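**Student:** Based on these hints, arrange chain F on the given structure of chain B.
Chains B and F supply the protein sequences, listed in that same order. Taking our numbering, I'd label the letters of the first sequence as residues 12 to 286. Taking our numbering, I'd label the letters of the second sequence as residues 9 to 369.
Rather than coming from a laboratory, the hints here were simulated on the basis of the structure. Be aware that a few hints might be false.
[Stated by the list, open to error] Cut-off 20 angstroms, straight-line C-alpha distance, at most; resulting in silico cross-link-like pairs (EDC-like, lysine to aspartate or glutamate):
no., chain 1, residue 1, chain 2, residue 2
1, B, 64, F, 293
2, B, 64, F, 286
3, F, 219, F, 96
4, B, 244, B, 268
5, B, 64, F, 48
6, B, 64, F, 292
7, F, 250, F, 222
[Unchecked claim] If we take Cβ atoms under 8 angstroms as the criterion, some of the chain F residues that face chain B in the derived model are:
no., residue
8, 45
9, 168
10, 172
11, 204
12, 303
13, 318
14, 320
15, 322
16, 359
17, 360
18, 361
19, 363
20, 364
All values reported here derive from a predicted model rather than from experimental measurement. Glycine included, every Cβ here is placed at the ideal spot set by N, Cα and C.
The chain contents come next:
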Amino acid sequence: MNSDNPVEATQETAREVIRKLDNIDFSTIVIIAVAALALTWVLRRIIPWIAHKVPARYRLIVLGMLPILRLVITVLAIGLIVPEVVNLTRDNLIVIGGALGVALGFGFKDLISSIIAGVIAIFDKPYRPGDWVKVGDDYGEVKNVGLRAFQMVTPGDDIVTVTHDRVWGANISNSNDGASTLMCVAQFHVSGEHDEERLCRSLREVALTSPYLNYARPVKVVAAEEAWGMRYKLRAYPFDARDQFDFVTDMTIRGRETVKACGGQSGPVSLGVAD
Amino acid sequence: MTAATPDTDAKGLTSLVALRDYSAPSGEAVGVLREMFRPEIKSAGNFLDSVFKRKPKAAAEMFPLSEDEISTLAPEPVGRAYIPELEEAYGSWLDGDKDEDKTSLKVLVYPPGDMDTAMSFWAQERGLQCVAATDRHTEIALPRDGSAIVVPALHKHFLRQVGGLNVLMKFLVSLMDHNGKVLLGCNSWAWSYLKAAANVESLLPFPEAFKPLDAEAMQAWLHVSGANVVLHDRQSQRDTFKDLSIRSQGIPSVAWQMWRQGLRQETDGTVVLSVVPDLRGLPDDQRQARLVLQALLVHGGLKTAELNSLMPFGTAAEMAVALERRGYVDISGSVVSVCPLAYPTVRSLLLTAGFNSDDLS
Numbered sequence: 012m013n014s015d016n017p018v019e020a021t022q023e024t025a026r027e028v029i030r031k032l033d034n035i036d037f038s039t040i041v042i043i044a045v046a047a048l049a050l051t052w053v054l055r056r057i058i059p060w061i062a063h064k065v066p067a068r069y070r071l072i073v074l075g076m077l078p079i080l081r082l083v084i085t086v087l088a089i090g091l092i093v094p095e096v097v098n099l100t101r102d103n104l105i106v107i108g109g110a111l112g113v114a115l116g117f118g119f120k121d122l123i124s125s126i127i128a129g130v131i132a133i134f135d136k137p138y139r140p141g142d143w144v145k146v147g148d149d150y151g152e153v154k155n156v157g158l159r160a161f162q163m164v165t166p167g168d169d170i171v172t173v174t175h176d177r178v179w180g181a182n183i184s185n186s187n188d189g190a191s192t193l194m195c196v197a198q199f200h201v202s203g204e205h206d207e208e209r210l211c212r213s214l215r216e217v218a219l220t221s222p223y224l225n226y227a228r229p230v231k232v233v234a235a236e237e238a239w240g241m242r243y244k245l246r247a248y249p250f251d252a253r254d255q256f257d258f259v260t261d262m263t264i265r266g267r268e269t270v271k272a273c274g275g276q277s278g279p280v281s282l283g284v285a286d
Numbered sequence: 009m010t011a012a013t014p015d016t017d018a019k020g021l022t023s024l025v026a027l028r029d030y031s032a033p034s035g036e037a038v039g040v041l042r043e044m045f046r047p048e049i050k051s052a053g054n055f056l057d058s059v060f061k062r063k064p065k066a067a068a069e070m071f072p073l074s075e076d077e078i079s080t081l082a083p084e085p086v087g088r089a090y091i092p093e094l095e096e097a098y099g100s101w102l103d104g105d106k107d108e109d110k111t112s113l114k115v116l117v118y119p120p121g122d123m124d125t126a127m128s129f130w131a132q133e134r135g136l137q138c139v140a141a142t143d144r145h146t147e148i149a150l151p152r153d154g155s156a157i158v159v160p161a162l163h164k165h166f167l168r169q170v171g172g173l174n175v176l177m178k179f180l181v182s183l184m185d186h187n188g189k190v191l192l193g194c195n196s197w198a199w200s201y202l203k204a205a206a207n208v209e210s211l212l213p214f215p216e217a218f219k220p221l222d223a224e225a226m227q228a229w230l231h232v233s234g235a236n237v238v239l240h241d242r243q244s245q246r247d248t249f250k251d252l253s254i255r256s257q258g259i260p261s262v263a264w265q266m267w268r269q270g271l272r273q274e275t276d277g278t279v280v281l282s283v284v285p286d287l288r289g290l291p292d293d294q295r296q297a298r299l300v301l302q303a304l305l306v307h308g309g310l311k312t313a314e315l316n317s318l319m320p321f322g323t324a325a326e327m328a329v330a331l332e333r334r335g336y337v338d339i340s341g342s343v344v345s346v347c348p349l350a351y352p353t354v355r356s357l358l359l360t361a362g363f364n365s366d367d368l369s
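One chain only, chain B, in its complex shape:
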């Protein structure tokens, strides 16, 4: 089947790589694609439901299985569909590899970069569903990890989509890294004469009496002297990371009362998570 004309030769090669339309079993391809999509759809609903039912310590483990299972399904579906369309021989693989390399290198560089980063992220786990992460100026809970990007919900209920290729160049700060809780910090800026030791004890008591407190984790008060007075950081963990803002608010409001009771003047207080 050799041809002297280079154009004809290329067309001939393409025909050999890709099966003839008559030989492609489109019904099988459709069935595989629909089955993969249906399975993914079911998993996206059933895994969060199971995560909600199991004890909290297993919640993030169960949620973390979703991106892995989706990747496995996608790879399997592609692995089953490709042989239906392509004649898989060693020469053909080289031809396909070359063509794909050129196409992807020029046309879909960013997309492929994101997908590769996504595959790495699924196994390296810099973030997973249920984690609280900070990327650039955005902070929120990771809701969904896809192959190209992940989505997180901010405390203001905005959904932020971040492509995985951000992991190549930006720092991603993960507050709980798969744990069900994370450190919360309430800060107190105190000026004026006051009993520092008593205040440290009382602030600790503020955290220890919060209904949100996970008391299996440590409670710490860190004090530092500043030019304007003293800065106190009350560090503690809520039993559920989703309660972090209620927890910090509760500690801040009751902590300010404590500061007053200890004779200090409480300045502007900033809220925040692990600092």
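**Tutor:** Quick look at chain F alone, frame taken from chain B:
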């Protein structure tokens, strides 16, 4: 000591173990999973019943019994639970001379229920001084004569708020300085909290706990002869009481409620023991509901005003009423407490939501 000693011949249903060795009755893994997904399994069963037009037996052919019938078929257990056990475990120790005994203070940790009532009753029977909190803010003076004392409920000596642990700390110091022997009781949720908040584990000796009631002890305590009740699905008695022991976590007051509430009559007059229906779901604001339930467990019940003062939101009292309607709590006078029948469900809800567990698991 001139105390009147109760009948010490009564055989105890259970015995003491160190708290760290406590192990709640648990089923096989399949049973645990089945329990976890019970509402869904039940819904699926109902769906299949409707598809195949089957009549659910429980709804159509079983009826609740009247109070009189229940009392006849399931008479109240003879004697209070834990009285013989308390006597066996602590009677001779309390009667002994303090100087001859290295231990002058013992701590008994128990699940929520009526152990504090049992301890008070037992102390009264023995003529021991029972030191109970009048309220959660007042310091209590201990007797100076060096007599043995029983503190049935340490969890009623504090309030989880700033300054609320001061009374407890002073009370603990006075207990440690007391000249006589001290038996200190505390509910397991409060103990778990006080370990972190008041460092009680370092201050006090290693606590002990009564083993949970197993199937045999449960049957003996409930005074079931087997002749009066046909057991559900013709299970063997042992399986039924094993199941009851697991569901109630071996806690007599919980088992007693499950036992009474589970009795049903079939159309042919046969009385069977069925599974107590599930509670309705938590009110809409589930997070707030769980916070209220945890506060009630840690304090062993609270007055409505106290409950309101502990919560960062101002609607704890309304939430308590909503929980009462769903069968989770009892409101008696102004005191709100978790229902014994609901305790296993509440415990499971809190642990699933990531709350700190008590030490009895």
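**Student:** Hints first: check each against the structure and report whether it holds.
**Tutor:** Results for each hint:
At roughly 17 angstroms between alpha-carbon atoms, residue 64 of chain B and residue 293 of chain F fall within 20 angstroms of each other, so this suggested pair holds. Among the hinted pairs, residue 64 of chain B with residue 286 of chain F is consistent with the structure: their alpha-carbon atoms are about 16 angstroms apart, no more than 20 angstroms. Under the criterion of a C-alpha separation no larger than 20 angstroms, the hint pairing residue 219 of chain F with residue 96 of chain F is consistent with the structure, at around 14 angstroms. At most 20 angstroms may separate the alpha-carbon atoms for a hinted pair to count; residue 244 of chain B and residue 268 of chain B meet this at roughly 15 angstroms.
For the hint linking residue 64 of chain B to residue 48 of chain F, the alpha-carbon distance of about 11 angstroms falls within 20 angstroms, and the restraint holds. About 17 angstroms separates the Cα atoms of residue 64 of chain B and residue 292 of chain F, which keeps this hinted pair within 20 angstroms; it holds. A threshold of 20 angstroms between alpha carbons decides the hint, and for residue 250 of chain F with residue 222 of chain F the separation of about 7 angstroms falls inside it, so the pair holds. The restraint placing residue 45 of chain F at the interface with chain B holds, with a minimum CB-CB distance near 7 angstroms, inside the 8 angstroms limit.
The closest approach between the C-beta of residue 168 of chain F and any C-beta of chain B is roughly 5 angstroms, which is under the 8 angstroms cut-off, so the hint is satisfied. Against a cut-off of 8 angstroms between C-beta atoms, the interface hint on residue 172 of chain F holds, since the closest Cβ of chain B lies about 7 angstroms away. Nearest Cβ of chain B to the Cβ of residue 204 of chain F: about 4 angstroms, under the 8 angstroms cut. The hint holds. At about 6 angstroms, the closest approach between the beta carbon of residue 303 of chain F and any beta carbon in chain B falls short of 8 angstroms, and the interface hint on this residue holds.
With 8 angstroms as the threshold, the beta carbon of residue 318 of chain F comes within range of chain B, its nearest partner Cβ sitting at about 7 angstroms, so the hint holds. A cut of 8 angstroms between beta carbons decides the hint on residue 320 of chain F: the least distance to chain B is about 5 angstroms, and the hint holds. A cut of 8 angstroms between beta carbons decides the hint on residue 322 of chain F: the least distance to chain B is about 13 angstroms, and the hint is violated. The interface hint given for residue 359 of chain F is met, as the beta carbon of that residue sits about 6 angstroms from the closest beta carbon of chain B, less than 8 angstroms.
Because the smallest distance between the Cβ of residue 360 of chain F and any Cβ of chain B comes to about 5 angstroms, under 8 angstroms, the interface hint for this residue holds. Contact between residue 361 of chain F and chain B, as hinted, is supported at the beta carbon level, the nearest pair being about 6 angstroms apart and thus within 8 angstroms. A least Cβ separation of about 5 angstroms between residue 363 of chain F and chain B falls short of the 8 angstroms threshold, and the interface hint therefore holds. With 8 angstroms as the threshold, the beta carbon of residue 364 of chain F comes within range of chain B, its nearest partner Cβ sitting at about 5 angstroms, so the hint holds.
Consistency note: the structure conflicts with earlier hint 15 alone.
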